[in-house]
Every structure is written in C-alpha cells, then in structure tokens.
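Trainee: Top line first, the protein sequences correspond to chains A and B.
Residue numbering for the first sequence follows the working numbering, beginning at 1 and increasing consecutively.
Residue numbering for the second sequence follows the working numbering, beginning at 1 and increasing consecutively.
To be clear, the hints were calculated from the coordinates, so they are not data collected in a lab.
Some clues are possibly wrong.
Unchecked claim - Just the calculated beta-carbon pair ranges, DEER-fashion:
(1) K72(B) - K279(A): 27 to 37 Å
(2) L131(A) - E28(B): 29 to 39 Å
(3) T276(B) - T125(A): 30 to 40 Å
(4) K132(A) - T317(B): 41 to 51 Å
Said to hold, decoys possible - Computed cross-link-like contacts, DSBU-like style, restricted to lysine-lysine with a CA-CA straight-line distance of at most 35 Å:
(5) K215(B) - K178(A)
(6) K276(A) - K229(B)
(7) K70(A) - K32(B)
(8) K224(B) - K4(A)
(9) K99(A) - K333(B)
(10) K198(B) - K70(A)
(11) K178(A) - K93(A)
Here a beta-carbon is modelled for each residue, glycine too, at the ideal position from N, C-alpha and C.
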Amino acid sequence: MSNKIYITGIGMISAIGNNVAESLASLENLKSGIGTLENVRSRHKDYVPVGEVKSTNEQLTAMAGLTPDKQSTRTALLGLIAAQEAVKSSGIKNIKEFKTGIISATSVGGMGMTENLWMDYLDTTKSGDWLKYIEAHECGDSTEFIADNLGVKDYLSTISTACSSSANSIMFGARLIKHGILDRVIVGGTDSMSRFTINGFMTLMILDKEPCKPFDANRQGLNLGEGAGFIVIESEKAAQGKEILAELSGYGNSNDAYHQTASSPDGAGAFMAMEKAFKVSGLKPSDIDYINAHGTGTAINDMSEGTAIDRLFNKNVPSISSTKAYTGHTLGACAAIEAVFSVLAIKNNEIFPNLNYKTPMPELSFKPTTTLEKGKKINHVLSNSFGFGGNTSALIFSRHKAS
Amino acid sequence: MEGYINGIGIISPQKTFDTPDFLSEVVEHNSKALYSIEPSYKEFLNPNLARRMARIIKMSIAASTICFRDAKVEMPDAIMTGTALGCLEDTEKFLWAIIHDDEQFLTPTSFIQSTHNTVSAQIALQLKCMNYNFTYVHKGFSFESAVLDALMTLAEGEAKNILIGGHDEMTDKYYRVCDRIGYFKQETVPTMELINRKTNGSIGGEGAAFFVLSKDKSETSYAKLRGIKTIYKPENNQEIENKINELLASNGLTAKDIDVVVYGNNGDARFDKTYTHLQDNLLKDSTSTYFKHLCGEYQTAGSFGMWVAAKIIKTQTIPSAILIGDNKSKSIKNVLIYNTFLDVDHSVYLLSQC
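For reference, chain B alone in the conformation it holds in the complex (with noise of 0.2 Å):
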C-alpha cells in the first residue's frame, strides 16, 4: 500500500503556508499554549459563510484549498478526516447555552457546527463533491486511521486523488479544564527548551494539516507514504520495535536505512522514554527530529509531523530548530514518524523520496 503525497495545505502555530520556507525561522510562542497564526479567510470563504463558522472550520476549509492549489487537484475522490475533539468551540458554545439559559433561548448554529464531520461535511459542500466521506474521531488515532484508509482506498484502485486532513482546535476552556488532569507544564517553558525540559506535562497546541495522497506521482509530488501502523498501549518496547521491524520489512527495509526519524517528544518527563529508547537503540544511527515544540501537543499533531516529513524529503534540507543532535544524513530517502499521544495511542509511518 503507497501513495505520493501532491500536495499539502497547512496552517499551524508556524508560518506554514504563503511561503516556502521551511522552518528556517521559528515563530516563537514561549506560551503553555500555542495557536494558529492565521490567514486572511476572504481569499478562502465567502465573508457572510466565514462571520457564522468557527475557527477549527475556517482553518481546515483554508489548509484544504491550499492543498488542492498545491496539488493541482480541483476535485478529490475521497476525503477523509481525522479529529479527536471536533469542533471544541461549538460545543462549548452550545453547551454553555444550555446550561446557562436552562435549555432556553437555542439557535441550531452552533449544535449544527459542533458535530464531529462538519469539516469533511463543509469541504465536500463547498466542493459539490459527492464522494466517499469519513471522520475519523480516534484521540492519537484519528489522522492515522485516515491516513491508513486513504492508503486502502488507493490499493483498491478506483481513486487517483484523495484529501486526508487532522484538524483540532485549542479553546481558552478547554485548556483550563485539560490543565487540572495534568496535560500541560506548569511554567511557560521558551519553544526551543521544550525538549530539555524534564517536568510533567507539555504544551498545547492546534492545527489543521491537509494533504492530497495520489496513486501517481506527479511534477507536485513531496514524497511517497508507504505506509502506516498504530500501536495501542504497548506493553514494552519489543512490541514497539517488532511493529516498526514489521513495517520495514513490508517495504523491503530495516532500520539502518532510515535515514531520518521524526519523533513526536514534547518535554513531558513521564512520556519521552520511549523516544529515548529508540533514539538509542534501533534508530541510533538515524538522524533524530522533533516537531511538537513548534504546533504543540493535540491528538491530531502527527499531521503536523507529517507535512515536517514530507517537507524534509522534498528539500532534502534538515531545519537545525528541529534536530535533535548531530545531522547524520547527506541525502535522504527514508523517513519514519514515531509519535505517541499519552503514551497510549502510538503511531509509526514510513515516507520516502519518490
């Protein structure tokens, strides 16, 4: 199973779209929350459709026009989206209408907007594209289950082009009500210290990360997606370790040709070890990246490591805000992305120069 990633539309707490720099410059947050720097929508949306839609839509609808210019691609044969919490600052509204005005007084904007899918939902309305549509709503699964139907569909042959995003927001509650069970540091910790901070807790963040997958390459082309594996709760690192193994194997590899690791460490203490361990054994002569000091820790961040995948096997360039430790490589053909959300859901994909 494989696809050419043709295009990706991203916005994100870096500058990531409008420009084709590639993390040479860092916006620093030095925040315990990180939030999208945002376009202009009116390039986008209709102004009277943009006023009534809430931030998580307008972002996804702009990453995945973005994408589709990118890709040069006008209509998609599938889409498939990944979201753990949806359209957060919908269902805060309509819940603290209910709550508030005792279940009175309610316009349906807001619940209309708070469902799960209303982002594949308004993409495939702006588009008139009346094809296969899912929504994947798996915490630190979500994207990847995207991803890995993305990658069915196009091995079952009938589909040339598909859009898969992650999209998740950061609310001012939300933060508030995840911060009492210990998601987030303490202490405002600078962006490029994160990694080197050993306390509970990371930072939060957002984004929405939109990428046309294609079963042909093309002039667009970043990079092939060769494949995806989720793992759930794993019970040491042997199964960690089988499962990349096996992954590798399936494409004809083994770890000594990877050539970068885009790992998914946000500074918090409890959840580095399994980084740890794999920066130091099989994946120790790769060269080791991070991403999450630059979007923040959401469910859906591995699409942010994806687009930083992609990116790096395109410009065959390496960001020194991203390294961790020396730059081993000299050209670059195959990447894996190892993240983790909680230590619970953890996910594995391999991309190669194509």
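With the rest of the complex left out, here is chain A (with noise of 0.2 Å):
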C-alpha cells in the first residue's frame, strides 16, 4: 500500500490556453480568458460572459491527433486533449506497464450535442451517423473516448457531483492507489459549455454580466467556463526514477445538507472538507502558503467558503485567490484545472492573482492576492471545489520533501 500520491504529470485546455504552458503564460500576465460566446448559439450570447476555448469541434478533434471521423462530443475531446498532455508531461511511454485506471469528471456529458440533435433523434424519419452520438450523452462515455484513445483499460470510472466533480475524482483516484488497487491513475474532468448549463444558471440568476469579481462586496455572480484539466497520480513504486511534481498530501469530502443549491451561510459543509484534508494530510492550517479558493464570484459561495476560511483559519489567512476569473467556472472540470495551477505554483513559487478585486467582503478578515506574487517558497497549497447539492471537497498539495 503506498501512503503517498506522487502527482507525476499535468496538462489542461480552458479559455487561457490550450496547454500547461500557455495557461501558465496568461495566468503570469494576468490575462483572462473571458469574453464572448463564439461556439455555441445562444440567443443569451451578448448578455452573458463566458470563458470559452476558441476552437471549433473540428479543430479540437484535430489537436488531439484524430481523424475527423473519430470526432466525438467537445466535452469528450476538451478531456481527451488534457489527459494527452497529463500523459506525455509524465513520462509514460508504455501505458500498460503498470495497473492504470482513469477517473473523470463531468457535469453536463454529453448535453453539447444532446441539445443540438434532441429534436431528430426524436423524429424517427431523419437518420444520419449523428445517432452515434445518443450513446455520448451519458456522463461516461467521454471517460471511455478518452480511455480507449490512451489504452487505458484496468479501471474506468466518472464522477458527478455538480461544480466539486474532478475534486473527488482526483480523491477517488488516490484511494484506489492506496487500497493497491491501481498503481497510476489519470484523474480529472472535462465540461463543455452548452445552452442547458447557461440558460440552467441565468434561471438560478447567478450569472454576472460582467466579468466575475470573486471575494469582491460588489460581486455580482460567475462566469461561466469550459475546459478540462487532468493530473497522473502515482505511487512510489510507479512513480520511481520520475520527476515529481508535487504530492497530493490531503482530501476532504462533505455535505453542507443545508440546500439543493445554495451553500449555507456558515459554511459548515466547506470547513468540515476542509478539516477532513487536514486530518488526512497531517498538516495544521498554518501550514498552508496558498489557498486557491473556489470563488465563483456569487454572493452565496464566496461568503460561504471565505466564512468557514476565516473560522478554519482562525482568521490568520495566508495569501489566497480564486482564478475563476480567469477561467471561468468550468464545473465539472474547475477542481482538476485548479489542481494543475496548485502544482504550478508550488513548482514555480508564484501565487496566481484574484483577478477584477476592488472592495472587500467587510464580513471577511482577508484580502485576496492581486498581483502576481512571486518568490515566496510554495510549500502546501489548499484548493476548494463546491457544488450543488451541497457537495464540498478540499484538496491539499504538497512540495514533494526531496525537490
């Protein structure tokens, strides 16, 4: 049984770029990705800011190195192009020399497509090869395109659990490994922008006309995101001779039990995940250099999660930011993108800024992180993911002790 999780490989594609490192590039020169949507038809398109990635389905399918004939939903191929690059920054040149599993997930599947097609494929007189596409609704059928293009067989699995997803995916991802159960796991989500997610949170009214504004009193609600984002965790026995990136030293999951979709005030269910992490990790809050919180930029979770910060922390927070404002909130795939920035900022000792910040929360003890912060040695990093439904997960990273 191996104790520790070794993060051996990185990758991602959002609004900021289509790599680790053009990601890296924007988020240094602090520059955003939202703006307007272009990939999908919406009659709220003018309206609504969005942190969209700039290719076309076609174009996707392209830099994953497929033919267009093997193109599949955009939720599929975002995941697929991520865990290419997660895969390749690990090193891995023989996928089945050790048991490899892939955890994904995803918060709206296949819908992209669903909501284009739903029509026809109720009306039996049209018929094409877009019928391959009913089977691509389901949630797990983007973890199977991604696993089937990378030879990943020995275990597949998909989470959903509203905005926490890939936080408990990468969790599940680590248990399997210290249950022995799988050596190396690739473990992640993807979630593509679609019009039942936009026209879904313009009727939870959560949606800011401007660019988000997290941990700002004026907030006005979030943008929302695409992307993906996947990590390869591995054990010791695995990850032996390889450059390690960082650890992944605690996790937490909880519920807040308080509401379908609202987080409570208190933050009770943010701070018992939280805490869980703690406890798995060893580690005591001051332990902490960074905190990427999950900061949507809505009145209810930014409250929420800076509360229970503020109580977990006893109030002494150390420098803390969301990058939602960048991204935007991709969803099912914001705690797996979050991730990758958590192990570049440990690996590169730089604390990534709250973009649009202005006024603080005056119910908050804390200011978020503004400026591109730099030099600071990066030790552990806390990274927040909540959901509807009351899930709350909390990840923390570690440098690993011999870098």
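Put the complex together from the two separate chains, hints included.
Mentor: The structure is reproduced here in structure tokens:
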C-alpha cells in the first residue's frame, strides 16, 4: 500500500490556453479568458460573458491528433486533449507497464451535442451518422473515449457531483492507489459549454453580466467556462525515478446538507471538507502557503467559503485567490484545472492573482492576492471546490520533500 | 475488503417493497419497457415536496428510507450512489423548455433537479447528513463504483454504516431515442420467455435499489459482500475468467465453492456469449440464475442483481422464476453476480453467507 500519492504529470485546456504552458503564461500576464460566446448558439450570447475555448470541435479533433471520422462530443475532446498532455508530461511511454486507471468527472457529459440533436433523435424520419451521439450523452462516454485513445483499461469510472466533481475524481483515484487497486491513475475532469448550463444558471440568477469579481463586496455572480484538466498520480513504486511535480497530501469530502443549490451561510460543509483534508495530510492550517479558493463570484459562495476559511484559519488566512476570473467556472473540470494551478504554484513558487477585485467584503478578515506574487516558497496549497447538492471537497497539494 | 449488507430498500418493476416475499409471484409486464411499481409516497415525503419531485427522486428517497428502516440505521457515515443517466425526466423537461421556448420563460426547478447528484444530495438534505457524499455516473460501472468505494471506506476504518444505491429511470422519450440505436427488441416478449429469445436488443427497465453496507454483522444482516471487480471491454473469455479467479482467490475460494451465480442475461442475442461461456465452463457446477426479465435492462441493473443475490443467501431459496436449468444447490454459501451492460462494462461481485 502506497501512502504517498505522487503527481508526475499535468495537462489542461481552457479559455486561457490549450495547454499548461499557454495557461501559465496567461496566469503570469494577468490575461483573462473571459469573453463573448462563439461556439454555442444562444440568444444570451451578448449578455453573458464566458470563458470559452476558442476552437471548433473540428479543430479540437485535429488538436487531439484524430481524423475527422473519430470526432466526439466537445466534452470528450477537451478531456482527451488535457489527458494526453498529462500523460505526455508524466513521461509515460508504456501505459500498460503499471496497473493504470482513469477517473474523470463531468457535469453535463454530452449535453452540448444532445441539445442540438434532441429533436432529430425523436424524429424517426431523420437519420444519419449523428445517431452515434445518442450514447455519447452519458457522462461515462467521454471517459471511455479518453481511455480508448490512451489505451487505459484497468479501471474506469466517472464522477458527477456538480462543481466539485473533479476534486472527487482526484480523491477517488488517490484512494484506489492507497488500497493497492491501481498503481497509476489519470484523474481529472472535463466540461463543455452548453445552452443547457447557460440557461440553467440564468434561471438561478447567478450569472454576472460583466467579468466576475470573486470575493469583491460588489460581486454579481459567476461566469461560466469550459475546459478540462487532468493530472497523473502514481504510487511510490510507479513513480520511481521520475520527476515528482508535487504530492497530493490531503483530501476531504463532506456535504453541506443545507439546500439543493445554495451553500450554508456559515459554510459548515466547506469547513468539514477542509478539516478532513488537514486530518488526512497531517498538516495544520498554518502550514498552508496559498489557498486556491473555489471563489465563484456569487454572493452566496464567496460568503460561505470565506466564512469557513476565516473560521478554520482563525482569521490568519494565508495568501488566497480565486482563479475563476481567468477561466470562468468550468464546473466539473474546475477542481482539476485548479489542481494544475496548485501544482504550478508549488513548482514555480508563485501565487496567481484574483482578478477584478477592488472592494473588500466587510464580513471577511482577508483580502485576496491581486498581483502576481513571486519568490515566496510555496510548500503547501489548499484547493477548495464546492457544488450543487451540498457537495464540498478540499484537496491539499504539497511540495515533494526531495525536490 | 468486505462489508455486511444489513439493510435493503428496493423499488423496481417487481413487488419488492412492503413484502417479505421473494419473487414467488412474478409481475409479468409483457412489455418492451418496464416501469417500477411505486409506493404511496405520503409515508416517505411531505406532499408539497413530493409534488415538485420527479419520479426517480421520489423512488430513491422511498427506497433509501425503507433501507434505513430495514437496517435499523438512522444516519449513515457515507452516501454513495450510482446513476448513469441522473434525473432524466427533469433533464428532458428543461431541454424541451430551452428548445421549445427558445431559451425564454424558463424556471429553475427542473434544472436544479436535473443534475446527476440530485438523489444523493436530497437524501443527505432530508437526513441533514453532512458526511461523505459521492455520485458515480459511469454507464455500467456506476453502481459498481459506489460498491467499491463503500468497501474501501469500510476498510479505511472510520465508517460503520454506509448507504449505497443504484438508480436509473425509464422515460418514454429515452425509450424512443435508444430504440433507434438497437437497445430494445422490436417485438413484445412475455417476461418468462425473454431469456430464450434469440433476437437483438433487450427490454427497457428501471429501478432504485439501496443497501446499508456495514462494518459489523447485525441481526438484520442478509449477506457479506466480499469484493467486486470491473472489467472494461474484455478482449476474450480468458480475461474474464482470470478476473473472476482473482476475485475468488483473494477470498480463498475457487470456482467450485460458488453455489449460485446471478447472471445479467437480458435476452439480447448479441451479448449472451459471455454468460453462456461461463455457464458452460468455469461456473458449470454452480446453479445459474438471472434477473433482467424481471427489472429490465438498465445501466445500474447490477443493484437489482445484488438484491437477488442477498435474498438468495438470506432465505436460502432460489425462486423458480429466476432459475436457468436445474437447482443444484442444497445449502447456499457463496454467490457470484456476473453482469455486463452492452458487453462493454462487465462486473463481478462476490457475496457469502454470514
């Protein structure tokens, strides 16, 4: 049983870049990816800014190295691109060398395709090769598409716990290694933009008509985003001789059990998730150098999360920022994308700023970091992710001692 | 890794709640798609709340409540559910509204309830249960992932009682859409004839099955769950047999120790080959049973299979409605479940008498 969980590969795609290097450049240059919706047909496109990957499905197919006949849903393609990068970055030559699995996460699965084809599916007088997208609607389909293209076969699963989904896929993957069921797991999540989510969040009235302002007293809501993030986690045995980018040292999952969509004002679930993550890691709050907050920019989330953080850190909150103003809220992918950011923070000893922040929230003791902070040693990063249904998760990433 | 099945609550196309009976009488639907026999929800839910809830949410809350009562457990230490399709009815409703009204005049209720984690979230909300809460959504591995997670969680030592569940619903539109890609038979098949039908496709199904899996045996125990393995796109029968043998060996057993196998035969001529192979080879000495003629085919049907296996062990009976061939078993100690969804996602579970 491996007690250490080593991160040996990272990969991502989002509105701020098609890979890790482009994303890092955007983060360092304070370049947000929030803009106008282009790839989804919606009557709200001029009113709802989004963090969109500016490539068509055809372009994504080519980017993944696939011929046009192998095209799949946008969710699957984004996922494959990020997973391919993670595997490459991990230096894996032979995927079958160790017991390897994939745990992915998504909130909408193939909805981006279903919403365009639904009426045709129901009309039996119409037919075409697009009927193949019926099965691609299921969340697990994108995971199987990624697995098949990477040659992963030993274990597959998919998690959907709304906006905390990919924190849970990372956690589940780590536990599969600790139990000796797998040696190596490609963990993360993927979600694409869809009218379904845009309209869903509109009915909840939590979309900002301007670029989002996490933790600002005048925040008006979130911006939706799309993308995928994957990291390769390995047991000590499988990672032997490889460059270890960071360790996953803690994880915690809890449920707020307060309301189907809204977080509790005191962030009880968030508090419990973070507390559990600390317990697993053996660290204490004062060990944390940076918090990558969930920080969506909605009135309720930032209040609930901020209150829980203030309580857990006893108002001695370390450097903290939300990176949602860069990428938008990528739902099922956000925790994995932010896991990549957490690893980058440790690797490069830098803290990425919380864009668009001006006015402090009077209820909170802390102010987020608003400029790129470089030079301070980053040993431990806490990353939060919370979702509908009360699902709250927290992950702790740590510098590998030997590095 | 092991746990005791100490409580079950299941709502299915059979009469599986409010009765101690174990399939001595079968409800013959003789239909292309089977729908659950539902309880009156008044006993389980506030009517105002129930009115706004889709069928699958109500079925799941009722099934989980029955399960807790059966196990004499009030608060689980974790909740893990598996669902391939989440809450279809609400998803279809919101999708229809977006298309039909061109993204205008929408209300949030069906969107809120469409997310895949609605059921596990609603159960947590009703109980005010702040513990670990997961929803697995991987086709024919959805429920199986929840089972593995629960076994790992018990092995980690802190949890005593875990709620696991599998739920998926049939809808008229889902049936129509999946009928276009060969999921279902073109002819209506009488329930008891499904297994002998050599045509393509199966019958549609649905259900909500919940279990309390516990660290300790209790007066309510049905069986001990001793492990689960999943096999993705097996290349040949050897790979399947190897996985079964691995699961058995890790529990100190061989194929000869298996008294009964619960198979996922669904009458689809394309996918019978694995079941037939196992019935004729590795597991030929065990009594063969099947269940999908009773609940229909759906991604989380393995949860119905787990109910069948647990009941066989607890009652030490094999109803004739589920027998394939002869009953070769006198006493029933070890039961395997072997199931596949579309020959892509395969799974095998081991249960024993406790």
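Trainee: Now tell me if each hint is right for this structure.
Mentor: Cross-check of the supplied hints:
1. K72(B) - K279(A): 27 to 37 Å: With Cβ atoms ~29 Å apart, the hint holds.
2. L131(A) - E28(B): 29 to 39 Å: For L131(A) and E28(B) the Cβ distance comes to about 32 Å; the hint holds.
3. T276(B) - T125(A): 30 to 40 Å: At roughly 38 Å between Cβ atoms, T125(A) and T276(B) fall inside 30 to 40 Å, so the hint holds.
4. K132(A) - T317(B): 41 to 51 Å: Check passed, 44 Å falls within 41 to 51 Å.
5. K215(B) - K178(A): OK: K215(B) and K178(A) at ~20 Å, within 35 Å.
6. K276(A) - K229(B): 28 Å, holds
7. K70(A) - K32(B): 33 Å, holds
8. K224(B) - K4(A): Distance of about 31 Å is within 35 Å: holds.
9. K99(A) - K333(B): 32 Å, holds
10. K198(B) - K70(A): 32 Å, holds
11. K178(A) - K93(A): Holds, at about 23 Å.
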